[in-house]
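Chains as they are written, first to last, in full-length UniProt numbering: chain A, 1 to 486; chain B, 1 to 486.
Note that these hints are calculated values from the structure, not bench results. Heads up, a few of these hints could be off.
Given that identical chains are not distinguished, each listed pair holds provided it fits within a single copy or across any two copies.
Pairs of lysine-lysine residues, derived as DSS-like cross-links and limited to a Cα-Cα distance of at most 25 Å, are as follows [said to hold, decoys possible]:
#1 Lys162 - Lys221
#2 Lys226 - Lys300
#3 Lys226 - Lys162
#4 Lys221 - Lys321
#5 Lys300 - Lys467
#6 Lys99 - Lys395
#7 Lys395 - Lys467
#8 Lys102 - Lys411
#9 Lys226 - Lys431
#10 Lys467 - Lys181
#11 Lys456 - Lys315
#12 Lys181 - Lys300
Number of protein chains: 2
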Amino acid sequence: MFRKKKQRVDPLIQHLMAVVGEKNVLYRREDLVAYECDGFTLCRGEARAVVFPANTEEVAAVVRLLNRENIPFIARGAGTGLSGGATPLGGEVIVSLVKMKKLLQVDFENRIAVVQPGYVNLKLTQSIAGEGYYYAPDPSSQSACTIGGNVAENAGGAHCLKYGVTTNHILGAEVVLPDGKVIRLGEDGIPDLPGYDLLGLLTGSEGTLGIITEITVRILKTPEAKQTILAYFDDVEEGSQAVSDIISAGIVPAALEMMDQTAIEAVESANFPVGHPLDVQALLLIEVDGIAAEVREQAKEIVEVCRRRNVREVKVARDEKEAAAWWANRKTGFGAMGAISPDYLVQDGVIPRSTLPEVLKKIREISQDTGLRIANIFHAGDGNLHPLILFDERKPGEKERALEAGSRCLKVCADVGGSITGEHGVGIEKKEEMRFIFTDEEIEAQLRIRDVFNSKNLLNPDKLFPKPGRCAEVKKEIKERKLAEV
Amino acid sequence: MFRKKKQRVDPLIQHLMAVVGEKNVLYRREDLVAYECDGFTLCRGEARAVVFPANTEEVAAVVRLLNRENIPFIARGAGTGLSGGATPLGGEVIVSLVKMKKLLQVDFENRIAVVQPGYVNLKLTQSIAGEGYYYAPDPSSQSACTIGGNVAENAGGAHCLKYGVTTNHILGAEVVLPDGKVIRLGEDGIPDLPGYDLLGLLTGSEGTLGIITEITVRILKTPEAKQTILAYFDDVEEGSQAVSDIISAGIVPAALEMMDQTAIEAVESANFPVGHPLDVQALLLIEVDGIAAEVREQAKEIVEVCRRRNVREVKVARDEKEAAAWWANRKTGFGAMGAISPDYLVQDGVIPRSTLPEVLKKIREISQDTGLRIANIFHAGDGNLHPLILFDERKPGEKERALEAGSRCLKVCADVGGSITGEHGVGIEKKEEMRFIFTDEEIEAQLRIRDVFNSKNLLNPDKLFPKPGRCAEVKKEIKERKLAEV
């Protein structure tokens with residue numbers, strides 16, 4: 001009896017092993033722990049197995065098997081997502097793309113590169129920098145995150161103000177559909193194909209329409225010159241106005257980042273302090289790039305704009321080393337919160353640029369209401385806010401209050417005509433908040449699109465959209481929340 | 001009897017009149033003639049009626065009526081499209097948007113404008129130029145074409161090399177779905193909403209998914225300086241190489257246009273001759289824009305690149321007046337063909353930039369094969385070719401040979417990894433050529449998307465996609481064509 005029991009292995013696991021090889025399937029409890037969540041750690045679930053296919057054919061074979069057996073499944077890259085898009089809810093098979101990590105082709109003349117989905121974002125720029133090229137989308141996690149994951153989430157980054165988010169840099173993809181069929185979307189190097197823009201539809205679909213197995217991206221010529229400007233403000237509103245003034249002056253900086261006092265306290269307590277004064281209310285970090293003459297002129301103009309807005313101090317980086325230190329300090333951002341708080345929740349809202357002062361004021365009110373500190377680090381030029389809600393999970397009720405504060409921040413963004421996510425996606429985290437910006441009809445139209453590709457809802461189920469049927473309930477909840485805010 | 005007959009008016013017309021008013025419905029044969037085709041004049045059909053709604057509510061009411069009665073219908077702007085997207089095939093009701101032509105809002109701080117679909121493209125730039133702003137997409141027909149039509153076709157233009165096509169400038173839309181429901185896509189000023197990119201899906205869907213009734217567009221700051229460079233080459237290949245060299249040098253011109261000898265002959269015979277020598281084989285017209293220092297430096301570099309490619313003559317425009325004359329001459333382009341040929345057919349293919357010399361050679365071979373002159377005017381920087389096939393409809397068989405030559409040009413583009421349309425759309429004209437670049441599976445996926453929105457296929461039926469079921473036949477045809485080419 002004992003021997004017999006030991007031999008009984010889940011037949012599904014055996015089938016998966018037959019496709020990708022025994023070593024490329026994880027199914028033991030202790031091996032699955034690492035796949036319980038992605039970068040959104042507040043929600044966890046257990047997968048049934050994790051498989052590591054080596055190529056498109058193996059992905060397609062795995063998907064055909066899972067589709068036939070009606071087993072739900074999820075594609076996963078590096079697992080750096082911040083909204084739970086790659087988190088299992090229980091029982092899914094995770095299709096990890098990390099072994100498909102080759103750079104397949106670089107064509108400098110037509111300015112394209114072809115990569116496998118598990119290829120790490122930063123490696124592309126590192127591989128082509130010697131020839132004077134780079135890949136523009138630069139999420140903060142770029143040293144770990146994969147380009148496949150970037151496409152699924154339509155990832156952004158500090159430099160998306162001037163260069164656009166992932167969707168602006170993707171020219172083609174090979175995709176395994178949820179039934180195991182393989183299609184190609186887009187033509188290498190041809191940005192605007194006739195018919196419907198299925199490539200655009202796939203980008204940012206958060207892993208619900210297909211599994212990407214190959215990607216053609218646009219590469220850009222490295223700008224001749226760069227310049228970084230740092231400005232300290234004693235007043236958040238003056239800093240916000242400076243942001244608007246810079247854009248209104250016709251300058252499109254490569255990056256235009258803002259941090260508030262709490263965020264400055266955190267980054268100065270973390271790994272790369274650079275001596276920012278701890279009493280300033282807002283800090284702007286601005287990068288301009290282009291040809292040398294243009295960059296000099298724009299840096300000068302930005303300094304003048306800041307001075308007209310009562311800046312306490314504004315300076316242009318003396319050299320590349322100083323600029324790199326300022327950026328390293330900024331990029332510790334989210335992680336740095338650990339230096340001043342046991343736990344934190346990062347949110348990701350978008351607002352029309354002109355509403356920045358008003359929205360920051362409302363976020364301060366939410367902080368006062370809930371008794372939780374909220375730091376703000378954000379891509380100010382795009383109006384893409386990242387309120388960081390600081391809390392202590394050990395204190396009863398604080399996690400719930402943090403989630404509530406996060407949701408209220410998103411409501412503020414939605415109410416001024418903005419959005420509930422700029423670059424982190426909806427995933428599990430913000431499903432119900434989709435109702436802040438979409439009507440039932442609009443959500444229904446999106447679900448019908450999902451049904452076209454993912455008719456059995458096996459691929460990344462229960463992500464991205466609010467639960468059907470719960471509408472009335474959630475509307476009541478939102479209404480109550482609103483009343484509570486009044 | 002006679003009186004009775006006279007009174008019998010089509011009840012559908014009466015219903016339409018009840019919705020939009022008697023004056024806003026055309027139904028007499030003589031009134032319908034003007035709506036028999038759009039800018040693609042080789043195919044004509046008769047509509048059942050043309051209605052002119054005044055607002056979204058009227059559009060929705062008309063659509064609800066037509067949907068209920070199962071009457072096919074087509075949205076139409078200025079009718080300047082070049083692939084027959086707004087052409088009736090027989091019996092459709094045309095919903096003309098030309099009376100919905102207001103500029104509803106301009107918000108300089110957030111850099112957006114809101115327009116009705118019938119608002120003329122060029123008027124937007126004219127309205128905001130005084131404040132130092134402009135709207136980037138600039139189809140050659142911009143003085144007549146409407147922004148609603150631009151969205152439907154995802155229109156391009158000479159300046160799309162640097163600034164992108166229409167889809168890159170659309171931030172939101174109000175849409176009447178084929179069942180009469182009204183939805184909003186995108187949020188004013190927020191480029192990247194969560195969920196599927198339905199706005200991107202709608203853009204370029206050639207009027208098959210919904211009728212656009214309001215559009216939010218991005219407006220840009222007018223560049224500080226511009227400079228136009230003109231270069232004459234004795235060799236087409238040298239000219240093509242100069243195009244690649246300019247891009248490889250890291251310059252992204254605002255526009256990079258090329259004309260071949262036949263095209264030069266035409267524009268010099270038309271309304272705005274500027275004295276181009278008639279014996280040059282290729283002409284490049286290049287515009288750079290940005291801040292003054294950058295523009296000067298780039299113009300200098302372009303001149304040097306051209307010299308390295310054995311340019312016969314290269315010059316920078318002395319002043320705005322000279323630049324404007326060169327551009328006016330270029331913009332007579334397609335129409336100018338009338339000066340050297342009774343009829344012409346313009347095609348619209350896209351190729352990877354590096355294949356330009358090879359493709360131009362093949363187009364010359366098609367010209368020799370068919371005995372028809374082919375002029376080339378094109379957006380060389382984007383690899384967007386416009387072969388203009390010159391013919392005389394009065395000569396038996398010439399029209400058919402011209403259509404055949406056009407299709408063969410598109411096949412050449414598809415074979416080098418390009419596309420069958422860059423900015424003119426598929427419409428009626430290129431439906432079967434869709435098979436050059438899409439598999440049955442890929443076309444099927446697109447038709448399933450159409451079904452989500454346009455389940456009865458009443459909205460712009462029989463456009464954009466090849467006829468289902470004709471696949472085997474057309475494949476045979478393509479194969480025969482290929483054999484004929486060998």
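State whether the alpha carbon distance between Lys226 and Lys162 is at most 25 Å within one copy, between copies, both, or neither.
both (13 Å within a copy, 20 Å between copies)
Check Lys102 against Lys411 for me: Cα-Cα at most 25 Å, and say if that holds within a copy, between copies, both or neither.
Close neither inside one copy (41 Å) nor across copies (32 Å); limit 25 Å.
For Lys226 and Lys431, with the copy left unspecified, which applies at a CA distance of at most 25 Å: within, between, both, or neither?
This pair counts as neither: shortest intra-copy Cα distance 39 Å, inter-copy 47 Å.
From the Cα coordinates, with 25 Å as the cut-off, is the pair Lys456 and Lys315 best called within, between, both, or neither?
So Lys456 and Lys315 fail the 25 Å test inside a copy (57 Å) and across (62 Å) alike.
Go through the copies and call it for Lys181 and Lys300: within, between, both or neither, with a Cα cutoff of 25 Å.
neither (55 Å within a copy, 52 Å between copies)
Given a CA cutoff of 25 Å, do Lys395 and Lys467 count as a within-copy pair, a between-copy pair, both, or neither?
Result: close neither inside a copy nor across copies, 30 Å intra and 65 Å inter.
Check Lys99 against Lys395 for me: Cα-Cα at most 25 Å, and say if that holds within a copy, between copies, both or neither.
neither (41 Å within a copy, 62 Å between copies)
Classify it for me, Lys226 with Lys300: is the Cα-Cα distance of at most 25 Å met within a copy, between copies, both or neither?
both (13 Å within a copy, 22 Å between copies)
Homomeric proximity label, Lys162 with Lys221: Cα distance no greater than 25 Å:
both (14 Å within a copy, 14 Å between copies)
Should Lys221 paired with Lys321 be assigned to within, between, both, or neither, using CA atoms and 25 Å as the limit?
Result: close within a single copy only, 22 Å intra versus 33 Å inter.
For Lys300 and Lys467, with the copy left unspecified, which applies at a CA distance of at most 25 Å: within, between, both, or neither?
Intra 52 Å, inter 60 Å, cutoff 25 Å: neither.
One pair to classify: Lys467 and Lys181, alpha carbons no more than 25 Å apart. Within, between, both, or neither?
between (28 Å within a copy, 23 Å between copies)
Violated hints, in rising order: 5, 6, 7, 8, 9, 11, 12; the structure is consistent with all others.
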